[in-house]
Amino acid sequence: MQDRSAKRHEGARVPAPSIDRGPRLSNRARERIAGYLFVAPDAIGLMIFVGGPMILSLSLGFFSVSGFGDYTFVGLDNYRRMARDPLFWRSLQVTILYVAALVPLLYVVGLGLALLVQANSRFNTVVRTLLFMPQTVSLVVVGLVWQVLLIDKIGLFNQLGSAFGFESISWLGDPRFALATVIAISVWFLMGFYMLIFLGGLQDIPREYYEAARIDGAGPVQSFFKITLPLLSPTSFFVLLVSTVTAVCGSQTFDLVYIMTKGGPANSTSLAIFYIYQQAFLFNEYGYAAAMASVLVVVLMAITVLMFLLTRGGRFTYG
Amino acid sequence: MLQPVQLALYLAGVILAFMAIAPLFWMVSMSLKPSNEVFATNLIPRRPTLDSFVYVFTQVDFARYLWNTFFVSAMVTIVALVLHSMAGYALARLRFPGRDAIFLAMFATFLISQPVIIVPLFILARALHLLDSYAGLIVPSIFNAFGIFLLRQFYLAVPRELEEAALIDGAGYFRIWWAIILPLSRPILSALAILFFLANWNSFLWPLTITSNQDLWMVQVAIASFRQQYNGSWNYVMAASTVVALPTIVMFVIFQKRIIESIKTTGIK
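Just so you know, the protein sequences line up as chains A and B, in that order. Take 1 as the starting number for the first sequence in the working numbering and just add one per residue. Take 1001 as the starting number for the second sequence in the working numbering and just add one per residue.
These are computed hints drawn from the structure, not numbers from a lab.
Stretches of chain B that chain A covers, calculated by requiring three or more beta carbons in the stretch to come under 8 Å of a beta carbon on chain A:
hint : segment
1    : 1094-1108
2    : 1143-1155
3    : 1232-1246
For clarity, every value in this text was computed on a predicted model and none was experimentally measured. Glycine included, every Cβ here is placed at the ideal spot set by N, Cα and C.
All chains, please: the whole structure from these sequences, using the hints.
As structure tokens, then:
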């Protein structure tokens, strides 16, 4: 689809703007030419820098790529190697754990925060702003700040903990805790965004529904399950889709891991995105890395399709 | 008089808001502490000093990294807004064969984030000789379906009468876009400008992958390597982090209303 559209643009890539091209061009033709000219730069750019790599990632996996850029066709070798690579399986396992924890957490925390600050008041506006603030800071800074807060013994968390009689915990250095810590920091960083998306959804629910329910004697819990959740279903679908994609391959999956743990300890935070990066840019295994990335691309597509089917095109129903 | 339930809600709001921003306060606090006080548990430094900031700007070429980052982010933002506005306008308003197919194809890239395609993107950039260049930092970051999508939504809601009058007066489409559509889209363009600028200022993976020449470093790459270089000197690392984070925090506080509104309307309705 992308190929075809691009060829059309190239044909229309003439420097002349659409202003007054003489009487021979009909209005219809002028509109068409203008349309192609306006879309062309973005369409071509997207095709080269997003579409191209997408297609490349599906084909590159069949090659062995040397550091100097020599390509050798190796068939399914990279994919066979994946099946035998315990670290690849480990990174998949870590990724699945990360997604399975992060997606529900973001849903619950995002919706919870939105419900808490939904009423319009000056107090709530300030709280909303503050809750969103972590999002504006770069993930590199977030990683550095949390790292220093969580340092063994002398970090703020462990000092406060020891004041209450807890033993010092190596939050990022102990394989039992490192992934949970990365998940918690991810939630802290991302929650403001999902709160805002839920606030947008809550705003669209007519007040009258709640008043009618109250007159009928429904409590807050009942109206939450009977009104809020069902009417929020398009927003829920959007949130689940976006948070799943973010959990698999959002920039925090790389930035936080790179800054705080480098995938360790004992590969316990080796998310797939990070492992792929390591293979490509530390070990120059571009072909192998691309093969693993192609699996991710396919998994992402499958998630999208599956979610669409499960929700019958985005329509959630509760109870 | 406050009801107990209301009081509990206020309290929850205060505590959660505090949890959200406390680490950032801590960062600023550590950056102002002398090295022997860094890990003391007091939030307000006993002997505040700007030494760490002086160190960051004199011992490292931090000003250069800040300029690089500003330049790249501004270029990406400006070019992206112009291109996305043109594309969004055409996709919303102009009739031409294949328009819907083009829109669908663009939309299909919506879910693909940069980390997933980083390996082929790097190989492509290497083939195009974009490694270690400003062009390499700027060009691949311009194109994203999100901006086109939002602008198209916006233009679908703009009343047609304005353009029709201009068309009758003999104005070309480029003039209509420039003189009518662009001024109309000021609110959404300014919201997108902030979001794009923030995203590029904060981006790490792509600059890390494509630059090895230190003169081209962006700030995020700089502080990441700074931390490795000054392992243990957390007051320097936190000072550098504060310098990097402060512009985005200030920008957010100034434009928070616009940013928050634009994100709230992103969800499917």
